[in-house]
Amino acid sequence: MTQLMLQCLLPILIIAFGIVLSLLLIAWRRSQTLILIFTLTIFSVALLASFSLFVNLASDIQVTTLVKVDSYGLFAFMLVLIASIAVSLLSSTWLIHTTEVHDEFFILLQLVVLGAGILVISDHYAALFLGFELLSISLVGLVGYSRDSEFSVETSFKYLVLSACASSFMLLGIAFIYSYSGTLSFTDEPEILTNISNSDSSVGNVFFYRVGFLLFMVGIAFKLSLAPFHLWTPDVYQGAPTPVTLLLATVSKIAMFIVLMKFWFSQAIFVETKSSDENILFLMSIFAIASMLIGNTLALKQQNIKRLLAYSSIAHMGYLLIVLMVISPHSVELAWQSALFYLTAYVLATIAIFMTLQLTQYNHHNTELDVNDWQGMFWQNRSLALLIIVAILSLAGIPLTMGFIGKFYLLNVAVKAQQWWLISVLIIGSGIGLVYYLRIIFVLFSTAIKANNVNEKNNPKELLPLPLTLTPAMNFSVVIIIILSVLLGIFPDLLANFLVKPY
Amino acid sequence: MSITLVMCGLLFGGALAWLLEGIKPQSARWVSLLTVLVIGVYFAIALNSTAYDFSTLQLLVRVAWIPSFHIEYALALDYLSIVLISLTLFLALICVLVSWQEINDKVGFYYFNLLASIAGIVGVFTAVDMFLFFFFWEVMLLPITALIAIWGHEDRHFAAIKFFIFTQVSSLIMLVAIIAMSFIHYQQTGQLSFLYQDWLILDLPLSLTQYLMLGFFIAFAVKLPSVPVHSWLPDAHTQAPTAGSVLLAGVLLKTGAYGLIRFVLQLFPQASLNFAPVAATLGVVSILYGAKMAFAQQDLKRLVAYSSISHMGFVMLALFSFNIIAYQGAILTLVAHGLSSAALFALAGMIYSRIHSRDLNNMGGFWLNTPRMGGFALAFCAAAFGLPGLANFVAEFLSLLGAYQRYPILTIIAAFGLIGSAIYGMVLFQSVFHGKRQVKPQAINDLSARELLVFSSLLTLLIFIGLYPNSLLDFFQSENIKLVLNNTAGVTK
Chain P
174 MTQLMLQCLL
184 PILIIAFGIV
194 LSLLLIAWRR
204 SQTLILIFTL
214 TIFSVALLAS
224 FSLFVNLASD
234 IQVTTLVKVD
244 SYGLFAFMLV
254 LIASIAVSLL
264 SSTWLIHTTE
274 VHDEFFILLQ
284 LVVLGAGILV
294 ISDHYAALFL
304 GFELLSISLV
314 GLVGYSRDSE
324 FSVETSFKYL
334 VLSACASSFM
344 LLGIAFIYSY
354 SGTLSFTDEP
364 EILTNISNSD
374 SSVGNVFFYR
384 VGFLLFMVGI
394 AFKLSLAPFH
404 LWTPDVYQGA
414 PTPVTLLLAT
424 VSKIAMFIVL
434 MKFWFSQAIF
444 VETKSSDENI
454 LFLMSIFAIA
464 SMLIGNTLAL
474 KQQNIKRLLA
484 YSSIAHMGYL
494 LIVLMVISPH
504 SVELAWQSAL
514 FYLTAYVLAT
524 IAIFMTLQLT
534 QYNHHNTELD
544 VNDWQGMFWQ
554 NRSLALLIIV
564 AILSLAGIPL
574 TMGFIGKFYL
584 LNVAVKAQQW
594 WLISVLIIGS
604 GIGLVYYLRI
614 IFVLFSTAIK
624 ANNVNEKNNP
634 KELLPLPLTL
644 TPAMNFSVVI
654 IIILSVLLGI
664 FPDLLANFLV
674 KPY
Chain L
75 MSITLVMCGL
85 LFGGALAWLL
95 EGIKPQSARW
105 VSLLTVLVIG
115 VYFAIALNST
125 AYDFSTLQLL
135 VRVAWIPSFH
145 IEYALALDYL
155 SIVLISLTLF
165 LALICVLVSW
175 QEINDKVGFY
185 YFNLLASIAG
195 IVGVFTAVDM
205 FLFFFFWEVM
215 LLPITALIAI
225 WGHEDRHFAA
235 IKFFIFTQVS
245 SLIMLVAIIA
255 MSFIHYQQTG
265 QLSFLYQDWL
275 ILDLPLSLTQ
285 YLMLGFFIAF
295 AVKLPSVPVH
305 SWLPDAHTQA
315 PTAGSVLLAG
325 VLLKTGAYGL
335 IRFVLQLFPQ
345 ASLNFAPVAA
355 TLGVVSILYG
365 AKMAFAQQDL
375 KRLVAYSSIS
385 HMGFVMLALF
395 SFNIIAYQGA
405 ILTLVAHGLS
415 SAALFALAGM
425 IYSRIHSRDL
435 NNMGGFWLNT
445 PRMGGFALAF
455 CAAAFGLPGL
465 ANFVAEFLSL
475 LGAYQRYPIL
485 TIIAAFGLIG
495 SAIYGMVLFQ
505 SVFHGKRQVK
515 PQAINDLSAR
525 ELLVFSSLLT
535 LLIFIGLYPN
545 SLLDFFQSEN
555 IKLVLNNTAG
565 VTK
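Chains as they are written, first to last, in my numbering: chain P, 174 to 676; chain L, 75 to 567.
Pulled out of the complex, with its shape left as it was, chain P reads as follows (with noise of 0.2 angstroms):
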């Protein structure tokens, strides 16, 4: 373990001299407070921490055989910390209003985020199941966070049997791997796997190969609820306090995403290879196809917010699957840009929503917010609309918005891989997306669909009690997240520059 290797863990390391601290403070003294600057100070460091390192990092560097750093894991990581950072802000108004200790909140988010962190730049199977498993238990813990909610038993319960059936599938799947090619590492070796097809007898048999894969999957796919493992999703989308399904939309979504393609590209799976196998490139794109026309047609009915994201959400894993179908190894540098830009425009303008979700939700004095409930506050608070509208436009790929410039990357990869199927696909889900996200818009313009059914025109109580209080702290966030998703998506090169490995 050289000093370098050590500099490359550090915003790991941050994090969990965090956690440890964390336990001390409270052991020390119970302030809410206390533990939330603490939490956000951790984050920050590890926040400054990886994002030096990422600018110096000349090379990737493998720290013992159980992780790789490289630059794609570290943006991923300071993705995964920027997300972290809005979930803490957001409880701190939420835990306002529960009666629940405060402390032990943030101590299980910085776990999720080690978890995390641990995931994005995991180059072995140990090394994954460990950031996986840390994160599923602590999720669990954060999900069903507030016992005197309805749905907290039912959430949490979901979430724990679900995911601990995924991790079970996964590793036996890891183990079927391992009986096929003899290593545990991402990297190692990947010559065994070129000849796949060739069912060379010498190597273990590719049918334990192909099974191990698909159980590998479904843990996967379970965490990023792709068609047909989204089946929780909605639930416990609705179920968790806002902060923590915010949290599972972005932390966990990007932290196995990333783990996935570390792992995909490292099994050298390429389109139109010969080597690669055909039957595990056409699962992951029944995976995509599913995802995509299953999560789009389902939100289409949904008048809860959240589960409406919730569906949206799945239709975007589709989506992003589609960086994986890559057709030789030069396309892998755009592949990854892809997939983080996309990312970013994704993480971005979920943030934005579920910020917009928790400020109105009080508000409202109700904790199940339909989309009606957002009527007409284009007219009343226009900087909390005008950021809905932007992270709406973004989410369904508008021009001037990040997102756009989300799908054109992904389009970029379908068309140099010529997966005209999946191209489809994504534009048909687009065009059955686009009816709920204009009908959140619609919504926020509108001031009298309800007023009209009860005759009453204009009626004030119809609509949301605003204009509401935002404090300069939140206005200044909003304003900025507007301007950098339009910033970004009008000149992408600022962000995608940055995702040009410098090596």
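Think of the hints as simulated: they come from the structure by calculation, not from any bench. In this text, all values refer to a predicted model and were calculated from it rather than measured experimentally. Just so you know, even glycine gets a beta-carbon here, dropped at the ideal spot from N, CA and C. Among the clues, some could well be false.
[Stated by the list, open to error] Cβ-to-Cβ under 7 angstroms is the rule here; a few derived chain P residues that face chain L: (1) Leu584; (2) Gly604; (3) Leu607; (4) Ala669; (5) Phe671.
[What the hints assert, rightly or not] Footprint (simulated), chain P over chain L, 3 or more residues, beta carbon under 8 angstroms: (6) 140-151; (7) 219-225; (8) 230-244; (9) 252-265.
Place chain L on chain P using the hints.
Okay, now just chain L, sitting in the frame of chain P:
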């Protein structure tokens, strides 16, 4: 000559209108009117003072925009874009004038959306980097959708969603084709490029261009619109506020035709030629279907909307005849239809503002109270069914004349559309202005000075172009256009 300035000016004017309306009510419309006037004058002066020869495409700006994909901010002009931009700016003026009293709610934001969509449309007509083109193509939709969804009639949300989905899905297909083209450029030259001029010199295998052409064609056919992807149009036109309908019919449909001329025919000549019989048939079907449906409508705006489908069928038929006369006819149809349908939608808006109904059954006998409006309406109906002396006659005559040389039978069938248009034109006029009076006479006032201005300016232009079509056609007789069309036609032999 700066198109960027035109677009920024429009956007800035819109933002200013939005801002000032909050400070002083009623100021937004004046600001918008002034903005459009100033921009129009600037555009005219700048055109006269440049040394460019616009008979070929002149690149005006070219700046790197997204270097990692070699995407550039590139704008170019030729006579085609100049004519269409002039039409756009003129109709923008009409739009501001017809919204003058109609819009009372969220006025500032309304004018912002109106001017923003005009800016986007100007961008569409000038962008030559295909990514930039796509960007404008999509961005102009947002304010137009907002216009329909916020200030539209009773079913506005449904209409707006339908409109947006049709255009969005079709343009995503175009985006895929654009990306595929840039990759072909990469394969052939080793560099990504989205620039139109770079694509023109590519050597494309026919097997591939067929699909790429189709990708572009679908997007433009939806916008045009052509049967069978027309169904968004009646809803969107009917539900939009008057200015929205004017904008949709007068300018937005022209972006589809512009795309066909500029991109489909020029980038994929051979593929278009192979596809031409299908496209021409679609055009003829649109002509007859549109006329038939227009005749059957009870809703005034829906009637005019279907007549638009019919007129745009002529454009499609003419463009895919690969003939200089038909080409001129198509361009003239664009302008003539832009003016006449704008006038008819403005008429529908004025009637709506008086009796709050678009249903033809609630109208009738208006002539007694509104002889001036009736006179203008008769003239515009006559324009719609192609009365000689008005612009539409020349346009449709040239289109049919040119198309006859290539598709004699189809053209004969298409000519029946003219009879259809006479029928629906007369139905429109008769049921509004003749017959038994349905409403109290004091409810219907004759045209105000503002409305008179709108109608007379539109009619003057229609008569002027109708009597002296060469004022426009002169721009489209240069050798270059002949060259392009000959090239296209030459491929057949």
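(request) Check, residue by residue, whether the region 140-151 of chain L contains three or more positions whose beta-carbon lies closer than 8 angstroms to a beta-carbon of chain P, and give the verdict. (result) holds (count 4)
(request) Between the region 219-225 of chain L and chain P, see if three or more residues pass the 8 angstroms beta-carbon test, and mark the coverage as holds or violated. (result) That given contact holds, which follows from 4 residues of the region 219-225 of chain L lying within Cβ reach (below 8 angstroms) of chain P.
(message) Cut-off 8 angstroms, C-beta pairs, minimum 3 residues; does the coverage of the region 230-244 of chain L by chain P stand?
(response) holds (count 7)
(message) Checking hints one by one. Is P:Ala669 an interface residue toward chain L, by the C-beta closer than 7 angstroms rule?
(response) Holds: closest Cβ of chain L sits about 5 angstroms from P:Ala669, inside 7 angstroms.
(message) Just to be careful: measuring from the Cβ of P:Leu584 to every Cβ in chain L, is the smallest value less than 7 angstroms?
(response) This hint holds: P:Leu584 lies near chain L, its Cβ roughly 5 angstroms from the closest one there, short of 7 angstroms.
(request) Closer than 7 angstroms between Cβ atoms is the bar; does P:Phe671 clear it against chain L? Give me holds or violated. (result) violated (11 angstroms)
(request) Would you check chain P against the region 252-265 of chain L, counting CB to CB pairs closer than 8 angstroms, and say if three or more residues qualify? (result) Satisfied; 3 residues make the cut.
(message) A closest beta-carbon separation below 7 angstroms is what the hint needs, so does P:Leu607 meet it against chain L?
(response) Holds. Min distance 5 angstroms.
(request) Hold the hint about P:Gly604 up to the distance rule: shortest CB distance to chain L must be less than 7 angstroms. (result) holds (4 angstroms)
Violation of the numbered hints given earlier is confined to hint 5; every other hint is satisfied by the structure.
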